[in-house]
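For reference, the chains in residue letters:
Number of protein chains: 2
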Amino acid sequence: MNGCCAVSLALIHYPVYNKAGDVIASAVSNLDLHDISRAAKTYGIEDFFVVTPLVDQQALVKRIAAHWTAGAGARYNPDRKEALQVIRLATSLEDVVATVEARGEGRPILVVTDARPDEKNIGFNRCSEILQTGRPVVILFGTAWGLSRELIQSADYILEPIFGPTPYNHLPVRSAVAVVLDRFFGR
Amino acid sequence: MNGCCAVSLALIHYPVYNKAGDVIASAVSNLDLHDISRAAKTYGIEDFFVVTPLVDQQALVKRIAAHWTAGAGARYNPDRKEALQVIRLATSLEDVVATVEARGEGRPILVVTDARPDEKNIGFNRCSEILQTGRPVVILFGTAWGLSRELIQSADYILEPIFGPTPYNHLPVRSAVAVVLDRFFGR
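Read top to bottom, the protein sequences are chains C and W.
Position in the first sequence (first residue = 1) + 2 = this note's numbering.
Position in the second sequence (first residue = 1) + 2 = this note's numbering.
Just to be clear, a hint being listed does not mean it is correct.
Identical chains blur together in the list; that is why a pair holds if it fits in one copy or across any two.
As the list claims (entries may be wrong) - Once the Cα atoms are required to be at most 25 Å apart in a straight line, the calculated DMTMM-like pairs of lysine to aspartate or glutamate come out as:
no., residue 1, residue 2
1, Lys83, Glu131
2, Lys21, Glu84
3, Lys83, Asp34
4, Lys64, Glu103
5, Lys83, Asp24
6, Lys21, Asp34
7, Lys83, Glu121
8, Lys21, Asp81
9, Lys64, Asp158
10, Lys21, Asp49
11, Lys64, Glu152
If you are wondering where the hints come from, they were derived from the structure by calculation, not from laboratory data.
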């Protein structure tokens, strides 16, 4: 629990762009699962949905999560076990929405993140207010070259990109998740 | 340049602890180099020292950096080229200090980060003031199970750990760097 609100994360592997701008299903990265789980656990997020329609990638997610939550990894590193227990496998965004809605707190608000500025962007302060309403919220992060425009435009809110003092904004998704969670839930 | 100050990062592979609490030299992780370079570039840091006394690991750092800054990777992904250009190889912390001092702005202030609270911790606000003085500062991050106590206690300042609303604080160093830089330099 993050104290104030029912916030989940979703890491989307489809529909995202490849380097050429085609919509693809990206491969799951082992490091994404570890790093994002650890950030989630640090900031009180209990549900990290890993979203992929590819059956072989779903099997990979299950295998990695099982190794660290029930297998040899769990005995080797209990802190990692605690973190990777937040992983939830989902086949699509609709699957995520249905899972959250089935908890009986209503349909979740979808907030997408993207490195490109959008005219519909909301700021971190406004988004923080939305997180405080108590309604379930899913924050979506893309992989590869980013979430498809169609998915972005279909969400309820588009969070402003993360910027430092430079125009360079190519943070890894692993780092972007940590920064977003820290801005919302850091002490 | 980060606008206000001459801040560098150093990722320390020796002296750090292994799981058993022995002081070791850890292996360099390819992902650490990529993710920390990208965070550095985002937040305006131009010098990211990768510190290892191991000759084979130094060769690995050089090979990775060269691939992305001058080799096939540079042509494949110019954004990545720009990021990995911040990597500086160093053999020891003393080497980092000497390199920064040779620039003629004085001996750098050393700020260490650590996941364990310490009675000498300074907060992010106090540290931010130190960054604004214009003196060169190197922020040190550990690998493996963390920086040796001796190194931590020898630094000028020990930054407070990153916490969310939970007691869990096992962020990957890749994520910790991004969060620390965002707290200091995020817009």
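(request) Please write out, lowest number first, the hints stated earlier that are contradicted by the structure. (result) Numbers 1, 7, 9, 10 and 11, in rising order.
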